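With the sequences and hints as input, model every part of the structure.
Heads up: the sequence lines are chains A, B, C and D, in that order. The first sequence lines up with residues 3 to 323 when you count with my numbering. The second sequence lines up with residues 3 to 323 when you count with my numbering. The third sequence lines up with residues 231 to 551 when you count with my numbering. The fourth sequence lines up with residues 231 to 551 when you count with my numbering.
Do not rely on the hints blindly, as some may be mistaken.
Computed far set for chain D versus chain B, every beta-carbon distance over 12 Å [said to hold, decoys possible]:
| hint | residue |
| --- | --- |
| 1 | Glu253 |
| 2 | Ala263 |
| 3 | Phe479 |
| 4 | Asn507 |
| 5 | Arg512 |
| 6 | Glu516 |
| 7 | Pro537 |
Quick list of in silico lysine to aspartate or glutamate cross-link-like pairs, EDC-like style, CA-CA up to 20 Å [what the hints assert, rightly or not]:
| hint | chain 1 | residue 1 | chain 2 | residue 2 |
| --- | --- | --- | --- | --- |
| 8 | D | Lys365 | D | Glu458 |
| 9 | B | Lys25 | D | Glu551 |
| 10 | B | Lys319 | A | Asp272 |
| 11 | C | Lys365 | A | Glu24 |
| 12 | B | Lys193 | B | Glu215 |
| 13 | B | Lys309 | C | Asp543 |
| 14 | B | Lys103 | D | Asp543 |
| 15 | B | Lys152 | D | Glu551 |
| 16 | B | Lys280 | A | Glu273 |
| 17 | B | Lys309 | C | Asp540 |
| 18 | A | Lys319 | B | Asp272 |
| 19 | A | Lys152 | A | Glu14 |
Rather than coming from a laboratory, the hints here were simulated on the basis of the structure. Predicted model, so just to flag it, every value in this text is computed and none were measured. C-beta: ideal position from N, C-alpha, C; glycine also.
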Amino acid sequence: MREITYQQAVLEALREEFRRDEKTLYFGTNINYELRQEFGEARVRGTPISESGFVGAAVGLAGSGFRPVVDIGMATFGFVAMDQMVNQAAKITYMFGGQAKFPIVIRMTVGTGQFMAAQHSISPYPIYMNTPGLKIILPSTPRDVKGLLKTAIRDNNPVIYFEHRLLGDITGEVPEEEYTIPLGLAEVKRKGADVTVVALARMVHVALDAAAEMAKEDISLEVIDPRTLVPLDRAAIRASVAKTGRLVVVDEACATCGAAAEIISLVVEDEETYALLKSHPKRVCGPDIPIPFSPPLEQYVAPDREKLILALREVIKKSPQ
Amino acid sequence: MREITYQQAVLEALREEFRRDEKTLYFGTNINYELRQEFGEARVRGTPISESGFVGAAVGLAGSGFRPVVDIGMATFGFVAMDQMVNQAAKITYMFGGQAKFPIVIRMTVGTGQFMAAQHSISPYPIYMNTPGLKIILPSTPRDVKGLLKTAIRDNNPVIYFEHRLLGDITGEVPEEEYTIPLGLAEVKRKGADVTVVALARMVHVALDAAAEMAKEDISLEVIDPRTLVPLDRAAIRASVAKTGRLVVVDEACATCGAAAEIISLVVEDEETYALLKSHPKRVCGPDIPIPFSPPLEQYVAPDREKLILALREVIKKSPQ
Amino acid sequence: MSITREELISMYTKMLTIRRFEERAVREWASGAIPGLIHSYIGQEAVAVGVCAHLGVDDRIVSNHRGHGHCIAKGADLKRMMAEIYGKKTGYCKGKGGSMHIADFSIGMLGANGIVCAGLPIAVGAALAAQLESKDRVTVVFFGDGASNEGAFHESLNLASIWKLPIIFACENNLYGANTLIWDVVRLSSVAERARAYAIPGRVVDGNDVVEVYEAAQEAVVAARSGEGPHFLEFRTYRWRHHFEGGYFPDLRPKDEVEAWKERCPIKRFEQKLLTNGVLDRAGQEAINLQVMSRVEDAVGFAIESPFPDPEDALKGVYSE
Amino acid sequence: MSITREELISMYTKMLTIRRFEERAVREWASGAIPGLIHSYIGQEAVAVGVCAHLGVDDRIVSNHRGHGHCIAKGADLKRMMAEIYGKKTGYCKGKGGSMHIADFSIGMLGANGIVCAGLPIAVGAALAAQLESKDRVTVVFFGDGASNEGAFHESLNLASIWKLPIIFACENNLYGANTLIWDVVRLSSVAERARAYAIPGRVVDGNDVVEVYEAAQEAVVAARSGEGPHFLEFRTYRWRHHFEGGYFPDLRPKDEVEAWKERCPIKRFEQKLLTNGVLDRAGQEAINLQVMSRVEDAVGFAIESPFPDPEDALKGVYSE
Ligand SMILES: Cc1ncc(C[n+]2csc(CCOP(=O)(O)OP(=O)(O)O)c2C)c(N)n1
Ligand SMILES: Cc1ncc(C[n+]2csc(CCOP(=O)(O)OP(=O)(O)O)c2C)c(N)n1
Ligand SMILES: [Mg+2]
Ligand SMILES: [Mg+2]
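This is the structure:
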């Protein structure tokens, strides 16, 4: 199969969906020029630096029959538009008794790795997961991002699309033919028997790397990528843990009240799965600190292969031979 | 000991601290008239409906030697000021290398119970717990709120003070003499042996009620009130669960990525405590929905004594006799 | 007056409908039959009615927390409105929204809003939708004087200006936001002056004179329909009652100010004019009043007889299909 | 000119210091020695220097993402600045902030900011602090043309206006926010016109003429100190380089526009004037340049020789004692 980059996959998804449905629109302070070239200034619109204004406009457009895709850029910039996301987009479908649909995709980039410090590095998906009414996708591969973004654009609800900043340039196989991936379906990125590793975004690649490493010691990891955080594929996660009896969640976002806490909770509060646990579950997350600038500091805080392996050894109770 | 209301305790705390330190200030769109009477218009200041502006001003005041207390009113209104809380107040102590202190108290009311619907009923403390750099208090009694609020005002960091809207009128014993309560110290509101119930805000009272009820069946609940969510008294929670072997967390906020998920995770990922568990832990939380208006709907979604008891029976595996 | 007799009678009827509806709602609230919050529109009827007189079912309005009058003026069904306010299943939002969240997308009423100023960006989106569809639909957003101090106000007026949108900013300056006098928080002699900062034509209108409102709105609507871009209208008016029913803080507005404004009752003034001009006679007036009263009575009856939603409905409708 | 010779030389030296510092930083960034983002101030030097010439160490400034020039003009230490930009332990923020977050509270530099417009409310708070202390301290906030479209701009100007604060809004209109031409997103002939919406005196100043900047700022600072309230100054200027170094989107500004502005180099123009007026001769100019170069060189040397922070330092300093 052909290989393309994550970024190219994103562009393909947008192009295909924009051709498919002329009610789609794109806007943000930093416009996508390729998209503008094909679809024109009316549909691919530059905005002033007025996030609250243009996210709110997206809500109004959606309620009036359009399907806006809004590019906020870095997730830290989203906080100035928080009311429109949390109080409006997320709630009004329910609050108005389902009278209207609000199909909106909001793109925000997350993660560390480019030394941009606290106000440009954050992975706030737990904040949005705690906001009922939103859907959330967090794709880790070119194939996933294309399929999920297409589904998100067709979805009749507000969907937040988080993109890890370091994934843009990675390549991967992407089918040439049309496909979509449903929201709420986790993917087993690697089958295994000893420990279930649930990994998010860039951490999927870290987990696969760790799995390859651990395989040398005959330890077999099952790497699960939820791909969408809301809805979250509880069944797949529980099924895997039921099989392996062990769970480690690896996520770059800070630990407290994070996705990892949710994933651990949904596993242990399920009586059957709990009964099959062979060890305590574990989080490998970012610490509860703002992201520091200096490379040695930033590198110290993001989870990596070594930290993951350390945690894995703890739950397996097996030292390297 | 004398009994006063929660609201009176709040006012006492403010009065005492405002007398103690003339750098304290209060502002919000809805001013506290008792406070204004004593401390004047300069220090107790009405604001336009410009939350982002006046929360930001609080950051600037704090960085210039003042100790502002900002009243946002309902927590849903806080989202328009989110950037100043999440990107500024929470991060700049760290980001600037500790050059300046930012003592700010931000008050927001949370919870259901008054049929105000989705845009006036929310309990978003998990969102702020996922924001490193903030401290968070969530007092459940008049005594606690007075002691914690006084500490919060003296703290040199941004502290979010969440007040459940239904607690204002409850009464309780409050010492006449000066006292403070340190942040990060949970309180055992009732000692017990069979199940640890960690309860937040109004749910503390629901849990105590359930404990009284269950006591009739000789089931003994230990009710723990963390009182502050950041820092969270992990040791106290783990110690209690180590003793009882069972954990139920009851919280009105929606479940996903909530405080309850955090509390369950910090218990089960601790190897020693995990080893002492006799049953799977359980959450009793609000569902992942915007809060509905109509009384039967709202009442259906908030956790109550019956839902808590149901969950307790599940972890105890003991039906009513 | 260049207004047809029919139109005059229709406006009078609508104003009276709002008045009677609100009087009744307030009474029902006081009796305990209506839960939650009600922000009464009494005193401001001329604004909604005079503006909406120019709008067809394809035109859109966006409203705020004080929205009953806007709904009625746009043609909403009294029964479904009252049922919603009662929290009944037959209400516009199936009881999920209540007074602050009535919407009727089928008649272009895009919703009341509990967050001050949040409707402005949404209205901008609706106006952009109309522009993109090259329809001559107009969007009107109603908001208070206090809302003009929110950041979203600035962003919305600017977006409307640079995109030349068919939108009318209808500011209902009732002199206060809760207890805050607008001239304490705006250092200008009108809110309309602010429109100049966006090159938007703005003017101040007597909001208690429905004919003046009608004429000013006509000009703005015609301009918007013919592609001339946004207009800003500031309607000077007054709310007769407290900020909301049973407000938990006192109404601090001067008693004589309230009385003076009651003297300038928009309905009485209009009625007088119609009687003087012979458009209406006493008998006709009485007939209209009886008819209005009976419609309001029917609405209350409908609301009371309607069932509450099933509690489990709370869990439905968070997402659209 | 009514400016002393000493002051002129001092301003010239500061402008040159900024230029040389930035040239060097840009070079080091390109070599890979400096991590993260750098937004160069080259071309705008006259603004920071002409304004800060009127400020004492007790006066405060608040800056934005393009903050190096503001720091230097306010008297920050080049070594600690460069060390911070390099991410070193000896930097202003111990390496935690980097280029976008330099602050020096000891000289009243309250911090650069990575969030567009977030500094304005903070500056309002600092100005309120000065007013409450009845000190004649002035606060100046620097921000770009693009920032004037954020909601926080509106809220901040309004707060400053109604509270009559000793603050100067210094808008550096370099015609673009990233690639967005300001006149595409503001429908006025100046940003300063916006100040009228708050009854704040505003004017447009040639930001590439340091003497004009100096004179305009003097008037505003004197007014602020004597209790006349806020002033708004719009400085027309231009950034010579791309939005940030190595920007991941292209610089779309017309080449000839860039060249034309380089012709209007604020330093060259000022130098010419000083040479013509005999304030400076070639030898003196050369001496200053050498001295500046050597200070910048020292700063780079200091930065290079300084140690990185210990990785574990990442976990420290989230809270103040
Ligand atoms: C963002 C936000 N802040 C505060 C509130 C609380 N609040 C509700 S209505 C109101 C006053 C609004 O005044 P105005 O806009 O003049 O409308 P009016 O009530 O006078 O019709 C306030 C402060 C809110 N709902 N949302
Ligand atoms: C809230 C927010 N939105 C977007 C950005 C991304 N961003 C950084 S600088 C910038 C342009 C700022 O333009 P201007 O205010 O004119 O300052 P200049 O860069 O021209 O000095 C943008 C859009 C941001 N940092 N914060
Ligand atoms: Mg008002
Ligand atoms: Mg600019």
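Hint check results:
With a least beta-carbon separation of about 26 Å from chain B, D:Glu253 lies farther than 12 Å from that chain, consistent with its non-interface assignment. Residue placement check: D:Ala263 keeps its beta carbon more than 12 Å from all beta carbons of chain B (closest about 21 Å). The Cβ of D:Phe479 sits about 23 Å from the closest Cβ of chain B, beyond the 12 Å cut-off, so the non-interface label holds. For D:Asn507, the condition that its CB be more than 12 Å from all CB atoms of chain B holds, with the nearest at approximately 40 Å.
For D:Arg512, the requirement that its beta carbon stay farther than 12 Å from each beta carbon of chain B is met, with the minimum near 41 Å. Once the 12 Å rule is applied to beta carbons, D:Glu516 is consistent with being away from chain B; the minimum gap is 37 Å. For D:Pro537, the non-interface assignment is confirmed: its Cβ lies about 15 Å from the closest Cβ of chain B, beyond the 12 Å cut-off. Between D:Lys365 and D:Glu458, the direct Cα distance comes to roughly 14 Å. Compliance with the 20 Å bound is thereby established for this hinted pair.
Distance check on the hinted pair: B:Lys25 and D:Glu551 sit about 18 Å apart at the alpha-carbon level, within 20 Å; holds. A hinted pair counts as satisfied when its Cα atoms are at most 20 Å apart, and B:Lys319 with A:Asp272 qualifies at roughly 14 Å. This hinted pair checks out: C:Lys365 and A:Glu24 have alpha carbons roughly 16 Å apart, not beyond 20 Å. Of the supplied pair hints, the one linking B:Lys193 and B:Glu215 holds, its CA atoms being roughly 14 Å apart against a limit of 20 Å.
Pair hint B:Lys309 plus C:Asp543 holds up; C-alpha atoms about 18 Å apart against a cutoff of 20 Å. A C-alpha spacing of about 18 Å is found between B:Lys103 and D:Asp543, which places the hinted pair at or below 20 Å, so the restraint holds. This hinted pair checks out: B:Lys152 and D:Glu551 have alpha carbons roughly 16 Å apart, not beyond 20 Å. Straight-line distance between C-alpha atoms of B:Lys280 and A:Glu273 comes to about 12 Å, which keeps the hinted pair within the 20 Å bound.
Taken as a hint, the B:Lys309 and C:Asp540 pair is honoured in the structure, with Cα atoms around 18 Å apart against an allowance of 20 Å. This hinted pair checks out: A:Lys319 and B:Asp272 have alpha carbons roughly 14 Å apart, not beyond 20 Å. For the hint linking A:Lys152 to A:Glu14, the alpha-carbon distance of about 9 Å falls within 20 Å, and the restraint holds.
Checked against the numbered hints given earlier, this structure breaks none of them.
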